[in-house]
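Q: Here's the letter readout for the chains.
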Amino acid sequence: MKKKIIASVLIIAFLIAGLWFAQRLLMPKYMGKIVEGAMVEEYYKETTDHDVIFIGDCEVYENFSTIKLWEEYGITSYIRGSSQQLIWQSYYLLEETLKYEKPKVVVFNVLSLKYDKPQKEAYNRMTLDGMKWSKSKVDDIKASMTEDESFIDYVFPILRYHSRWKELTGDDLKYIFEKDQVTHNGYYMRVDVRPQGEFPEPMPLDDYTFGDNAMKYLDMMTKLCKDNDIELVLIKAPTEYPYWYEEWDEQVSNYASENGLTYINMIPLQEEIGLDMSVDTYDAGLHLNLSGAEKMSVYFGKWLVDTYGLEDHRNDPKYTKVYEEKIEYYNKMIEEQRNNLEE
Amino acid sequence: MIFTSAQFIISVIVLAVLYYIVPKKAQWPLLLVASIGFYYVADRKYTDLRHDHSCPHLIFILVTFIVAFLTAYLIGRIDQKTKAYLSASKETISKEEKKAYKAKAKSKKWAVLLVGLIIALGLLCVTKYTNFVISNINSFLKEGSKIRHFDIVIPAAISYYTFQTCSYVIDVYRGKTEPQKNPFKLLLFVSFFPLMVQGPICRYDDLAPTLFGEHKLLETNISKGLTRVIWGYFKKMVVANRIAPAVIALSTDTDTYKGTFVFVAMLFYAFDLYCDFTGGIDITIGIAKVLGIDVAENFNLPYFSKNIKEYWNRWHITMGTWFTDYIFYPVSVCGPMLKLSKWSREHLGQKIGKRVTVYLASLLVWFTTGLWHGAAWNFIVWGLMNYVVIMISQELEPLYAKFHSKVKIKNTVGYGIFEIIRTVLLMSMIRMFDVYRNVPLTFKMVGTMFTNINLKIFADGSLLNIGLGKHDYIVLAAAFVIILTVSIIKAKKGVVFKDSNFAVRHFLLALLLIVIVVFGAYGEGYDATQFIYNQF
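In the order they appear, the protein sequences are chains B and W. For the first sequence, the working numbering gives the first residue as 1, with consecutive numbering after it. For the second sequence, the working numbering gives the first residue as 1, with consecutive numbering after it.
Isolated chain B, as found in the complex (with noise of 0.2 Å):
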């Protein structure tokens, strides 16, 4: 009996070490040409607090640099973004980061406001898989799925990535433990150029209403902020499309003035920032290169200081040799990437 007590131990732990090590080897590493789906479990390696935390989309992780602000404020920042980051994730997301720190600005950008429903499973996996367990990201999936998939999947993502077996490469097995790192700070760099192209006309849209689920999310987010203390700062990105229609724009405006919020569209500002879509975005004006990302920063991380008084933290030996890193890091990859380019 003895024995078989033993012997049922070792293989049961067996079993749940065979399934673990499976697991980890078919999970998509995000190491190739999609990084996106790694950005939101690099938050947790993070040393160090920051004053400002940037939620959303596309939009803020490739539109702020956050190494800019801190070499031109001194400011510290992270960009908890992920690739179409519907209003209910930016929530949890945020939520679960007041867990570990309670910054003193918030920005959020409204352009997911337009998305009422869960969208797409593969972008709720960029998400969702690299949270780490908590309440918030039980929440999360529950507002996330779409209808064809299930909680338990999420709980055992071999039982959704089983079939990756056909498609396994050597990455998959290098980065089994241990991934490089891909944002600095949440940001997401791209040195290339592609001047910004004619855009289609919008399309006249039947309602322009947010939906009143977005909404909710909207005002839980304003609470979350208010009930922390924290300045909750409404932006739209410079970025011209996908278009963001008056319609939209005025929603939001009313409901910052309504709450007591700021709310900057930084379309109209693109002057003032210094922004010339021929050379600041990578993709013909969907997103901004390294050069538009920092030249926003520099314009928007005067912005917060000015208004809210944001301490320089480059003389704080808490941050300094931290961020010597994070510069260096930083450097690092313009470097490689003019490299691949000239090549």
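FYI, nobody ran anything at the bench for these hints, they're computed from the structure. Being a predicted model, the structure only gives us computed values, none of them experimental. Don't take each hint at face value.
As the list claims (entries may be wrong) - Below, in silico cross-link-like pairs of lysine-lysine (BS3-like), each with a Cα-Cα straight-line distance of 25 Å or less:
#1 Lys4/B <-> Lys99/B
#2 Lys309/W <-> Lys24/W
#3 Lys224/W <-> Lys29/B
#4 Lys135/B <-> Lys120/B
#5 Lys3/B <-> Lys498/W
#6 Lys216/W <-> Lys4/B
#7 Lys326/B <-> Lys102/B
#8 Lys3/B <-> Lys224/W
#9 Lys4/B <-> Lys498/W
#10 Lys216/W <-> Lys3/B
#11 Lys135/B <-> Lys104/B
#12 Lys90/W <-> Lys102/W
#13 Lys2/B <-> Lys90/W
#14 Lys102/B <-> Lys223/B
#15 Lys339/W <-> Lys4/B
#16 Lys45/B <-> Lys99/B
#17 Lys309/W <-> Lys224/W
#18 Lys2/B <-> Lys224/W
#19 Lys470/W <-> Lys166/B
#20 Lys216/W <-> Lys2/B
#21 Lys45/B <-> Lys216/B
Fit chain W to the given chain B structure using the hints.
A: Just chain W, lined up with the frame of chain B:
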């Protein structure tokens, strides 16, 4: 809720834990609650899909149960009264009076049984066959005078629980089984959830002792049960779910996939159905075993059969024995058949005469077997084809014997393998009626298999366009080798593992579980997860 859904697996784990926590007397009531819950959830999902909440299917199973309970109860009462009367009047009535009283009681019992069977089988027939009958009548009617089809959905598992219930009331009528006095116990027998997906069709006397018994948590039950469950999931999820889309592709585009493709479809479907059906039954038997309940075996290595008769003794055993016990034998010995037998022996001679009733009863068995599988001509023709092949091979037996008396190969390994392959191919070919679901099309497509031979398809990549990639073929080939190896060991030794191999057996099971999780065809991108026999 099917066996492969996460909801089902989690529910069964929770149930098994509760089963051994609750007082032993509460074990069978817990199973009853779980069974009704299972049916209710399956029912809800089904009606949700159809957006039709008008008639919950649970009602059908409850009606069948009530009919079975009342029928058995009334038959039991008649038996009791008869016994009481006969023992009280032992001394006072004559032998003839006794005989007359018994005959009267028997006819009363027969009337009760008949009413019970008509209602139970009537429910099955009305729900399953009404539209089939209407379609056939309509084929003779002109446009405008055609009868409208009924909006009926076949209640889930009705073929299984109706047959199970019928066997119970017939056994009570035959005096083989005591009527169950506790209605809730009978309801559990009718609705026991692992049997609700695809059988097996259990007999009351076989199932009742362990179904209503009190069970201690025994390592041997858990171990044997889990072994069957995991082996079943391996066959279902790694093989059947993977190969099913290819069978669908091959049988849908009949313009492209003819000739040798039909041969491929035939082999694929043979592998698919075997893994799907035996896998599902393994899961059923395994779950029951974990709960300490013994469910009848439904398969005995059917693909190792050397002839079709043997095959049908090894495949879907509980259905075969049901038809034998409740149709073949009663029909063979009923009054008109005995008269016919006598007449045919007198007029056609002993040799032919004795065959007439057997052939007629067999014809009825195979016709109903086909009809039981589905309300469509392809199933009926499939049943009749089995009948024809069995009868021909039976008639050819003297010829075989003559051949084997001259050519001494019968006991060689090579001839044994030839017989096995011949049986598998013949059964697989008959099964093509199930694949194409259209009688003329099946004949046409099977015909192209012989007239349109194109071996290039095995080399030109055509077989990579039917929903299976190179990796899938590797997995299927590996699974085939594993299943064949296990089957050969079982055929030679009777068991795959000896009880003493505890560590090895469980280590391999753990490994198999990992294989299922990784290589199983389920989740995103896989739709073909429904059990094939679930539809019957």
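Q: With reference to the structure, classify each hint as holding or not holding.
A: Hints versus structure:
1. Lys4/B <-> Lys99/B: Violated, at roughly 45 Å.
2. Lys309/W <-> Lys24/W: violated, 43 Å
3. Lys224/W <-> Lys29/B: Outside the cut-off at roughly 39 Å; violated.
4. Lys135/B <-> Lys120/B: At roughly 22 Å apart (the allowed maximum being 25 Å), lysine 120/B and lysine 135/B satisfy the hint.
5. Lys3/B <-> Lys498/W: holds, 16 Å
6. Lys216/W <-> Lys4/B: The hint holds at about 18 Å.
7. Lys326/B <-> Lys102/B: Distance of about 21 Å is within 25 Å: holds.
8. Lys3/B <-> Lys224/W: holds, 18 Å
9. Lys4/B <-> Lys498/W: holds, 15 Å
10. Lys216/W <-> Lys3/B: Distance of about 21 Å is within 25 Å: holds.
11. Lys135/B <-> Lys104/B: Distance ~23 Å between lysine 135/B and lysine 104/B Cα, so the pair holds.
12. Lys90/W <-> Lys102/W: Holds: lysine 90/W and lysine 102/W sit about 13 Å apart, inside 25 Å.
13. Lys2/B <-> Lys90/W: Violated, at roughly 64 Å.
14. Lys102/B <-> Lys223/B: holds, 15 Å
15. Lys339/W <-> Lys4/B: violated, 65 Å
16. Lys45/B <-> Lys99/B: Holds, at roughly 15 Å.
17. Lys309/W <-> Lys224/W: violated, 30 Å
18. Lys2/B <-> Lys224/W: holds, 19 Å
19. Lys470/W <-> Lys166/B: Judged against 25 Å, a Cα distance of about 9 Å means the pair holds.
20. Lys216/W <-> Lys2/B: Distance ~20 Å between lysine 216/W and lysine 2/B Cα, so the pair holds.
21. Lys45/B <-> Lys216/B: Answer violated: lysine 45/B to lysine 216/B is near 31 Å, above 25 Å.
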